[in-house]
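Trainee: Listed here are the chains, written in short residue letters.
Protein chains: 4
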Amino acid sequence: MIVLNGGSSSGKSGIARCLQSTLPDPWLAVGVDTLIETMPASMQASESGIDFTADGGVSIGAEFRVLEAAWMEGLAAMARAGARIIVDDVFLGGAESQQRWRKALGGLEVLWVGVRCESAVAAGREIARGDRLSGMAVSQAEVVHRDVLYDLEVDTTRAESLECARTIAAQVV
Amino acid sequence: MIVLNGGSSSGKSGIARCLQSTLPDPWLAVGVDTLIETMPASMQASESGIDFTADGGVSIGAEFRVLEAAWMEGLAAMARAGARIIVDDVFLGGAESQQRWRKALGGLEVLWVGVRCESAVAAGREIARGDRLSGMAVSQAEVVHRDVLYDLEVDTTRAESLECARTIAAQVV
Amino acid sequence: MIVLNGGSSSGKSGIARCLQSTLPDPWLAVGVDTLIETMPASMQASESGIDFTADGGVSIGAEFRVLEAAWMEGLAAMARAGARIIVDDVFLGGAESQQRWRKALGGLEVLWVGVRCESAVAAGREIARGDRLSGMAVSQAEVVHRDVLYDLEVDTTRAESLECARTIAAQVV
Amino acid sequence: MIVLNGGSSSGKSGIARCLQSTLPDPWLAVGVDTLIETMPASMQASESGIDFTADGGVSIGAEFRVLEAAWMEGLAAMARAGARIIVDDVFLGGAESQQRWRKALGGLEVLWVGVRCESAVAAGREIARGDRLSGMAVSQAEVVHRDVLYDLEVDTTRAESLECARTIAAQVV
Numbered sequence: 000m001i002v003l004n005g006g007s008s009s010g011k012s013g014i015a016r017c018l019q020s021t022l023p024d025p026w027l028a029v030g031v032d033t034l035i036e037t038m039p040a041s042m043q044a045s046e047s048g049i050d051f052t053a054d055g056g057v058s059i060g061a062e063f064r065v066l067e068a069a070w071m072e073g074l075a076a077m078a079r080a081g082a083r084i085i086v087d088d089v090f091l092g093g094a095e096s097q098q099r100w101r102k103a104l105g106g107l108e109v110l111w112v113g114v115r116c117e118s119a120v121a122a123g124r125e126i127a128r129g130d131r132l133s134g135m136a137v138s139q140a141e142v143v144h145r146d147v148l149y150d151l152e153v154d155t156t157r158a159e160s161l162e163c164a165r166t167i168a169a170q171v172v
Numbered sequence: 000m001i002v003l004n005g006g007s008s009s010g011k012s013g014i015a016r017c018l019q020s021t022l023p024d025p026w027l028a029v030g031v032d033t034l035i036e037t038m039p040a041s042m043q044a045s046e047s048g049i050d051f052t053a054d055g056g057v058s059i060g061a062e063f064r065v066l067e068a069a070w071m072e073g074l075a076a077m078a079r080a081g082a083r084i085i086v087d088d089v090f091l092g093g094a095e096s097q098q099r100w101r102k103a104l105g106g107l108e109v110l111w112v113g114v115r116c117e118s119a120v121a122a123g124r125e126i127a128r129g130d131r132l133s134g135m136a137v138s139q140a141e142v143v144h145r146d147v148l149y150d151l152e153v154d155t156t157r158a159e160s161l162e163c164a165r166t167i168a169a170q171v172v
Numbered sequence: 000m001i002v003l004n005g006g007s008s009s010g011k012s013g014i015a016r017c018l019q020s021t022l023p024d025p026w027l028a029v030g031v032d033t034l035i036e037t038m039p040a041s042m043q044a045s046e047s048g049i050d051f052t053a054d055g056g057v058s059i060g061a062e063f064r065v066l067e068a069a070w071m072e073g074l075a076a077m078a079r080a081g082a083r084i085i086v087d088d089v090f091l092g093g094a095e096s097q098q099r100w101r102k103a104l105g106g107l108e109v110l111w112v113g114v115r116c117e118s119a120v121a122a123g124r125e126i127a128r129g130d131r132l133s134g135m136a137v138s139q140a141e142v143v144h145r146d147v148l149y150d151l152e153v154d155t156t157r158a159e160s161l162e163c164a165r166t167i168a169a170q171v172v
Numbered sequence: 000m001i002v003l004n005g006g007s008s009s010g011k012s013g014i015a016r017c018l019q020s021t022l023p024d025p026w027l028a029v030g031v032d033t034l035i036e037t038m039p040a041s042m043q044a045s046e047s048g049i050d051f052t053a054d055g056g057v058s059i060g061a062e063f064r065v066l067e068a069a070w071m072e073g074l075a076a077m078a079r080a081g082a083r084i085i086v087d088d089v090f091l092g093g094a095e096s097q098q099r100w101r102k103a104l105g106g107l108e109v110l111w112v113g114v115r116c117e118s119a120v121a122a123g124r125e126i127a128r129g130d131r132l133s134g135m136a137v138s139q140a141e142v143v144h145r146d147v148l149y150d151l152e153v154d155t156t157r158a159e160s161l162e163c164a165r166t167i168a169a170q171v172v
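Residue numbers (numbering that gives the first Met the number 0), protein chains in the order written: chain V, 0 to 172; chain H, 0 to 172; chain R, 0 to 172; chain E, 0 to 172.
With the rest of the complex left out, here is chain V:
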């Protein structure tokens, strides 16, 4: 399993797609965005679910955590059943988020990858995408990496997604 962690607009999804194209075996690419889409609409903009503030902040409630934990268990089971999986996530809690994944993925081989992007550059890309709340890139750029331990870090500030994917692929046996 490959876990990509980085702030909003750091380029995780692009790297995931390039990894899928680069790696010889078929890998599934899943992300926390997909999890949010599978939740009821009522979980969004809700205290117990996930809430986005006007300045790009994100707050996570108890109900969200319960579903997220089950989702992590499910992905671990998919991997144990033979699926190769690239997960892209935003560790809002830094090391604590990583700890949740470690617990769920116990026993599985995991490549932990930090996806960095300078805050100002990520903010510009957020504008260029036009589909994200303004401010998420800046507010997440640093905090998601706090005390997280990686096997490998890539930086999309000056490197293309495909280059980053090749660097990562070289670590996948």
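No wet-lab data here; the hints were simulated from the structure. Hints may be right or wrong, so weigh each one.
What the hints assert, rightly or not - Anything over 12 Å on all C-beta distances counts as not near chain E; from chain V, calculated:
#1 GLY13
#2 ALA15
#3 ILE35
#4 ALA61
#5 ARG79
#6 ARG101
#7 LEU104
#8 GLY113
#9 SER133
To be verified - Pulled a few chain E residues facing chain R out of the computed Cβ check, cut under 8 Å:
#10 SER20
#11 PRO23
#12 ALA68
#13 GLU72
#14 ALA76
#15 GLY129
What the hints assert, rightly or not - Label pairs and their calculated CB-CB ranges:
#16 V/GLY56 / H/THR33: 25 to 33 Å
#17 V/THR166 / E/GLN43: 24 to 32 Å
#18 R/SER133 / E/ILE35: 29 to 37 Å
#19 R/PRO23 / V/VAL65: 49 to 57 Å
#20 H/SER45 / R/SER41: 51 to 59 Å
#21 H/ALA61 / R/GLU46: 55 to 63 Å
#22 R/SER133 / E/GLY56: 40 to 48 Å
#23 E/LEU151 / V/VAL57: 34 to 42 Å
#24 R/PRO23 / E/GLY56: 26 to 34 Å
#25 V/GLY93 / R/SER41: 30 to 38 Å
#26 V/PRO23 / E/ARG131: 16 to 24 Å
#27 E/ASP24 / R/SER133: 30 to 38 Å
Keep in mind it's a predicted model, so treat the numbers as computed, not measured. Ideal Cβ positions, reconstructed from N, Cα and C, are used throughout, including at glycine.
Start from chain V and add chains H, R and E according to the hints.
Mentor: Chains H, R and E alone, transformed into the frame defined by chain V:
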């Protein structure tokens, strides 16, 4: 777990969203479309993956089956970890497809729901949606129900998604 | 030119796609949703632009009206240059909105079509779609038809999009 | 009016959104992709419409040209009616495509902007996006600029969309 089975454009996704809105607890809605999106682009239009023919036919290869099996195992694990899940699928193999799900979901309580829609009506809705290959609705309308056993069947030909969802929700304890 | 007017989730876009599929000549389908997407992100959730309230209300500002007027002029010019166009719009101002279109489309042959859907049914379809603000269907269902004059009205409450499209197509010479 | 011309995956849409965010007045952003979406589904994969070949080639038929010409006239009329418009297009015919625009936009002030991106980089971004036919970036990278006259050229190979947008915005009075 609730499994909705029906042909393309029979209205499964709409029913799933109405179920999420109707049921008091939070349910995740996942579907085979999501699985396909998580696969590498190279799995589409490929013999070993999934291939769509010009007349709306779908053929599934060995590699697809391997990933699908792992995905089913993963969803079962999510459910065992406490997540309530609505799956929407297209049983291209009829009873054989159901058998694959039964094996993966062993021990879990499952509500099997058939979602029917008259072929001509589904074909019209396929045109109205504009995002599906023409012909899928007709070619799948009957075959996906072949020898499948249901707890409940709904028919969207004349009933709205929300009505169908309420009928289903009444069976969920 | 064909102008379809109806509330949110009344089924205008589906009818437009069915018309494109039914009519022998190629028709372009455009709508106020497309106009909104072409505007700067800052025009949304803005007093001078367009703003959606939590209960499904929509308020339109002066800046929006200026761009909308230019857009109407542009569509009229496209039609005069030979393009067949199906417009789908939401006449929030009823007869006043129609008056704006009449002014822009002066001299062009227009088929005015009212797309009705019972409020409760449209509200259910809004939930099934899952991509619209809850409440828009109900708040717009009646008001958009106030004092509007039609050549033809269709009702999607019990008729399929394709049937409605065929009824409309029969009026197009 | 600002016309951005560049190959697929050269970054035109991102620059357009950054321009909308950077320029003090509201500008509409439209593109040939929007035109294609407004056409009937039957115009795609059709000899008289637009056809995409497996290697990323694009061929345009007579019917497409007729609608495109009307669309250009319509955009010119929108601009004359006071709308500020950013167009993003792919000049498959190079100077000949520009000539078509010049004819439609006669009398309007236009800023012609070439958006360049090294072929290999654009191809990598095409993979990262995952929503374009593979090969389009490479096959269009050079040909769309053939004999086209620009007021300004930007290159996204090493510059961010927002930087390019600022360079362009500085030329807009």
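Trainee: What hint numbers does the structure not satisfy?
Mentor: As far as the earlier hints go, 1, 2, 9, 11, 15, 17 and 20 are violated by this structure, in ascending order.
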